[in-house]
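Enquirer: Chains H and U, in that order, give the protein sequences.
One point on numbering: in my numbering, the residue at position 170 of the first sequence is 170, and numbering is uninterrupted.
Start counting at 1 in the second sequence, then tack on 1000, and there's your number in my numbering.
FYI, nobody ran anything at the bench for these hints, they're computed from the structure.
Take the hints with a grain of salt, since some may be wrong.
Simulated crosslink set (DSS-like; lysine-lysine; CA at most 27 Å straight-line) [to be verified]:
| # | chain 1 | residue 1 | chain 2 | residue 2 |
| --- | --- | --- | --- | --- |
| 1 | H | 137 | H | 58 |
| 2 | H | 93 | U | 1021 |
| 3 | U | 1021 | H | 2 |
| 4 | U | 1021 | U | 1002 |
| 5 | H | 2 | U | 1002 |
| 6 | H | 40 | H | 58 |
Facing chain H, a subset of chain U residues (Cβ under 8 Å, in silico) [to be verified]:
| # | residue |
| --- | --- |
| 7 | 1032 |
| 8 | 1042 |
| 9 | 1044 |
| 10 | 1045 |
| 11 | 1046 |
| 12 | 1050 |
No experiment lies behind these values; they were computed from the predicted model shown.
The C-beta atom is built at its ideal place from N, Cα and C for all residues, glycine as well.
What follows is the residue order along each chain.
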Amino acid sequence: MKCTRCGDRATVELRRHNAAFCVADFLAFFRRQVSTAIGKYRMFGREERVLVAVSGGKDSLALWDVLIEEGYETSGLYLDLGIFEYSVESQAKCQAFAAARGVPLIVSVVADAVGGPVPIIQKVTRRPPCSGCGLSKRYLMNRAALEHGFPVVATGHNLDDARSRASRPRCRPLTRSWFGA
Amino acid sequence: MKVVLRNPRREVELPGPRRVKDVLRELQIVPGTVLIIRQDELLTTDAMLDDADTIELRPVMSGGGSGGVAPAGRRP
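The following block holds chain H by itself, in its conformation from the complex (with noise of 0.2 Å):
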């Protein structure tokens, strides 16, 4: 199978676009696709600021470079959800990931907001761990932007996660969110 743009030898195939892509191209149709989507929907504009809610994970690490390389003027959030080794792991990777771009990071601490990590948040209030821990992060979330000065918070989700997302009951922010990637 060959790339769609330049012809060489394609390692991304994407049947909903009818097209497949070599790694430079995938790369460039990625940030085409994002920027196309802040703009058509207006999303946000080029004099705010962005603050990106990042896990660790590839989905909102991607969207944090994306707008980064656009050049929004952003600042990454992770909130540390406590959860043992796996949020020891996933903060250093947001942390490295910040150094590595010069740009800031805020880390936000579950317990010292909500009373305990998220473990003792899902033996507390006998709920799925994704339930409480949801709450907080909203809630975490928008705190953050308003304390510090952010218009805006960008969450990385795949069309999974927003799919999962429409099929509960809605809570309005109290900051504009917009779904990235």
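Got chain H; can you put chain U on it based on the hints?
Expert: Relative to chain H, chain U alone:
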């Protein structure tokens, strides 16, 4: 060829040569739900695999999801 799967991690031996899409069909895996990796390189579904190849089928997941490879006919 050796096919390495995850969640749970296991290995399957299949005869070659055959294309990636035929391997996915035999294992009842929906294309697009996995990354197909051979020696740190991504493959598309039309790539030809030899008897001596080892490929990994890594499920695409997000948000800490723990789902496995989706069976054919069911969206992930």
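Enquirer: Against each hint, give a clear statement of whether it holds in the structure.
Expert: So, going through the hints one by one against the coordinates:
Among the hinted pairs, residue 137/H with residue 58/H is consistent with the structure: their alpha-carbon atoms are about 18 Å apart, no more than 27 Å. Of the pairs offered as hints, the one joining residue 93/H and residue 1021/U is violated, with about 34 Å between alpha carbons and a cut-off of 27 Å exceeded. Distance check on the hinted pair: residue 1021/U and residue 2/H sit about 16 Å apart at the alpha-carbon level, within 27 Å; holds. A C-alpha spacing of about 15 Å is found between residue 1021/U and residue 1002/U, which places the hinted pair at or below 27 Å, so the restraint holds.
For a cut-off of 27 Å, the pair hint linking residue 2/H to residue 1002/U stands: about 26 Å separates their Cα positions. Annotation: proposed proximity of residue 40/H to residue 58/H holds, straight-line Cα distance about 24 Å (limit 27 Å). The interface hint given for residue 1032/U is met, as the beta carbon of that residue sits about 6 Å from the closest beta carbon of chain H, less than 8 Å. Annotation: residue 1042/U was flagged as interfacial toward chain H, and the flag holds, the nearest CB pair being 4 Å apart, inside 8 Å.
Because the beta carbon of residue 1044/U sits about 4 Å from the nearest beta carbon in chain H, less than 8 Å, this interface hint is met. With a cut of 8 Å, the hint placing residue 1045/U at the interface with chain H holds, because the nearest CB-to-CB distance is about 6 Å. For residue 1046/U, the interface hint holds, since its Cβ comes within 8 Å of a Cβ in chain H; the closest pair sits about 5 Å apart. Using the Cβ-Cβ criterion of 8 Å, the hint placing residue 1050/U at the interface with chain H is not satisfied: the shortest such distance is roughly 17 Å.
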